[in-house]
Structure formats: structure tokens, C-alpha cells
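Visitor: Residue numbers (our numbering), protein chains in the order written: chain U, 1 to 111; chain A, 112 to 228.
Keep in mind the hints are simulated off the structure, nothing from the lab. Among these hints, one or two may not hold up.
As the list claims (entries may be wrong) - Pairs of lysine-lysine residues, derived as BS3-like cross-links and limited to a Cα-Cα distance of at most 27 angstroms, are as follows:
1. 41/U to 125/A
2. 56/U to 41/U
3. 41/U to 152/A
4. 152/A to 125/A
5. 41/U to 93/U
6. 93/U to 166/A
7. 56/U to 93/U
8. 93/U to 152/A
9. 131/A to 41/U
10. 131/A to 177/A
11. 93/U to 3/U
12. 177/A to 41/U
13. 177/A to 125/A
14. 177/A to 93/U
15. 131/A to 166/A
16. 177/A to 166/A
17. 152/A to 3/U
18. 175/A to 152/A
19. 93/U to 175/A
20. 68/U to 93/U
21. 3/U to 177/A
22. 177/A to 152/A
23. 3/U to 56/U
24. 175/A to 3/U
25. 56/U to 17/U
26. 17/U to 152/A
27. 175/A to 131/A
28. 152/A to 131/A
29. 68/U to 56/U
30. 125/A to 175/A
A quick note: this is a predicted structure, and the numbers were derived from the prediction, not measured.
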Amino acid sequence: ELKVEQNPLFLSMQEGKNYTIYCNYSTTSDRLYWYRQDPGKSLESLFVLLSNGAVKQEGRLMASLDTKARLSTLHITAAVHDLSATYFCAVDKTGANNLFFGTGTRLTVIP
Amino acid sequence: GAVVSQHPSRVICKSGTSVKIECRSLDFQATTMFWYRQFPKQSLMLMATSNEGSKATYEQGVEKDKFLINHASLTLSTLTVTSAHPEDSSFYICSAPGTGNAGNTIYFGEGSWLTVV
Numbered sequence: 001e002l003k004v005e006q007n008p009l010f011l012s013m014q015e016g017k018n019y020t021i022y023c024n025y026s027t028t029s030d031r032l033y034w035y036r037q038d039p040g041k042s043l044e045s046l047f048v049l050l051s052n053g054a055v056k057q058e059g060r061l062m063a064s065l066d067t068k069a070r071l072s073t074l075h076i077t078a079a080v081h082d083l084s085a086t087y088f089c090a091v092d093k094t095g096a097n098n099l100f101f102g103t104g105t106r107l108t109v110i111p
Numbered sequence: 112g113a114v115v116s117q118h119p120s121r122v123i124c125k126s127g128t129s130v131k132i133e134c135r136s137l138d139f140q141a142t143t144m145f146w147y148r149q150f151p152k153q154s155l156m157l158m159a160t161s162n163e164g165s166k167a168t169y170e171q172g173v174e175k176d177k178f179l180i181n182h183a184s185l186t187l188s189t190l191t192v193t194s195a196h197p198e199d200s201s202f203y204i205c206s207a208p209g210t211g212n213a214g215n216t217i218y219f220g221e222g223s224w225l226t227v228v
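With the hints as extra help, turn the sequences into a complete structure.
Guide: Here is the structure:
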């Protein structure tokens, strides 16, 4: 059974601080996705990581993928309140575009 | 703008009735679409893969007779929750993989809130 685990589950951080969210998965996969979800809304695509060592950055967020360690990270730099949301990683287990989601990390950025 | 559209965004139905949710790909064709369910404060769970022209593939533990999926065309998949019960109340989200240059992108619909009373 595929397991996709994120930690922490809850993260409260002050504005201006840095932090990293971790995503571990239990099966071989070369595709890892990161999404943002605001309360009551659907998913907003953040990053698609397609190979070992892939690193992508957009604004204050940077994602990386280590397929050998089965680990992806989402790094937040100098957090701002607008980043408050729930962040999900998701693994494409079979390459067939059906995603298995992590447990989610609820981020709250405190002014 | 949205590339995958769901309808309705919110629906309330009585216990025992059926409700249909539509998922449309806009401006592109999707031979496969996916249906997820998300309970409050939980993650998304893959329910089934919708296949155009053939039967849907359901994940383990998902009742195929309760959650009927029809992929009527290359741009439309529907999920019908039959004999709905309050425990079926949830957020249902569909997705479709992009094509061409967007082949590595998976588009999600806006989601449909189902409340069974």
C-alpha cells in the first residue's frame, strides 16, 4: 500500500521566518506534485517535479525532489501571511496521472 | 480561467436520493479523468479513474454501485452518488491530465460540495 506522509501536519510560523515541509513516500515514483488549498476551495498547482534532483522555485516557495530517498521538500522563505493555507504533496504512483495525496500540512503564518 | 469545470459547486439532497456531479474539460480532450473525495480537514482520496468508452476503475473500498461514473464524451465525466446518505456528505473533486505541452500538468476542477440531509 502506498503511503505518502507529510510533516509537520500543522505549522504555525511568524512572518519573515523560514521553514521546510517534508513529504515522504513509500513507492518508486518520478513524479511529485505540490498543491495549495485554501479553506473551502479546490487545489492550486504549485510545482511538478519530474526527476531526481529536480528543484523548482516560485516566489517564496521552493520545492525539491530526491527520488532515491523518496523525499520531497517544500521550503518557505521569509513567510508572509498570504501563504497561510494547507499544502499537499501528491505522488503519481503509476505514471497514469492518478495521484495519491499526502496527509497535508496546515500552515498558519502569524503577523 | 478554469480548464476543468465542475457542476454544481454546491448541492444539498435528501437522504435516499441520487445526485449527479459533472466534470468537464474545457478546450482539451481527456480520455481519462479522476474523481477524489475529501472529508473536512482531511486529505484527498482517489475514488476512481473514469475512462472514456469503457468502465471506470475503482479504488479499493469504493463501492462502484453506489458511485456511478460515466465518461460520456472526451470532455465530460459524471459522478452519480446513488441512494445518498449523510455520511456521503463531502467535497468531491475531479481532475484531468493536460495534453501536449501541458502533458505533465494535472488540472483540478473547482470541486463540488455535497450535503446529504
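Visitor: Each hint needs a verdict: does it hold in this structure or not?
Guide: We went through each hint and held it up to the structure:
1. 41/U to 125/A: 24 angstroms, holds
2. 56/U to 41/U: 24 angstroms, holds
3. 41/U to 152/A: 12 angstroms, holds
4. 152/A to 125/A: Cα-Cα ~24 angstroms, so holds.
5. 41/U to 93/U: 25 angstroms, holds
6. 93/U to 166/A: 21 angstroms, holds
7. 56/U to 93/U: Holds: residue 56/U and residue 93/U sit about 21 angstroms apart, inside 27 angstroms.
8. 93/U to 152/A: 24 angstroms, holds
9. 131/A to 41/U: 20 angstroms, holds
10. 131/A to 177/A: 12 angstroms, holds
11. 93/U to 3/U: Holds: residue 93/U and residue 3/U sit about 10 angstroms apart, inside 27 angstroms.
12. 177/A to 41/U: Given that 27 angstroms is the threshold and the Cα spacing comes to 25 angstroms, the pair holds.
13. 177/A to 125/A: Holds. Residue 177/A to residue 125/A sits at ~15 angstroms (cutoff 27 angstroms).
14. 177/A to 93/U: Within the cut-off at roughly 26 angstroms; holds.
15. 131/A to 166/A: OK: residue 131/A and residue 166/A at ~17 angstroms, within 27 angstroms.
16. 177/A to 166/A: Roughly 14 angstroms between the alpha carbons, so the hint for residue 177/A and residue 166/A holds.
17. 152/A to 3/U: With a Cα-Cα distance of about 18 angstroms, the restraint between residue 152/A and residue 3/U holds, given a limit of 27 angstroms.
18. 175/A to 152/A: Since the Cα atoms of residue 175/A and residue 152/A sit roughly 25 angstroms apart, the hinted pair holds (cutoff 27 angstroms).
19. 93/U to 175/A: Holds. Residue 93/U to residue 175/A sits at ~22 angstroms (cutoff 27 angstroms).
20. 68/U to 93/U: At roughly 15 angstroms apart (the allowed maximum being 27 angstroms), residue 93/U and residue 68/U satisfy the hint.
21. 3/U to 177/A: Holds, because 26 angstroms separates the two Cα atoms, which is no more than 27 angstroms.
22. 177/A to 152/A: Given pair residue 177/A, residue 152/A holds - Cα atoms ~24 angstroms apart, limit 27 angstroms.
23. 3/U to 56/U: 24 angstroms, holds
24. 175/A to 3/U: Holds: residue 175/A and residue 3/U sit about 23 angstroms apart, inside 27 angstroms.
25. 56/U to 17/U: The hint holds at about 20 angstroms.
26. 17/U to 152/A: 25 angstroms, holds
27. 175/A to 131/A: Status holds; Cα separation ~14 angstroms.
28. 152/A to 131/A: 24 angstroms, holds
29. 68/U to 56/U: At roughly 18 angstroms apart (the allowed maximum being 27 angstroms), residue 56/U and residue 68/U satisfy the hint.
30. 125/A to 175/A: Holds - the C-alpha atoms of residue 175/A and residue 125/A are around 21 angstroms apart, at most 27 angstroms.
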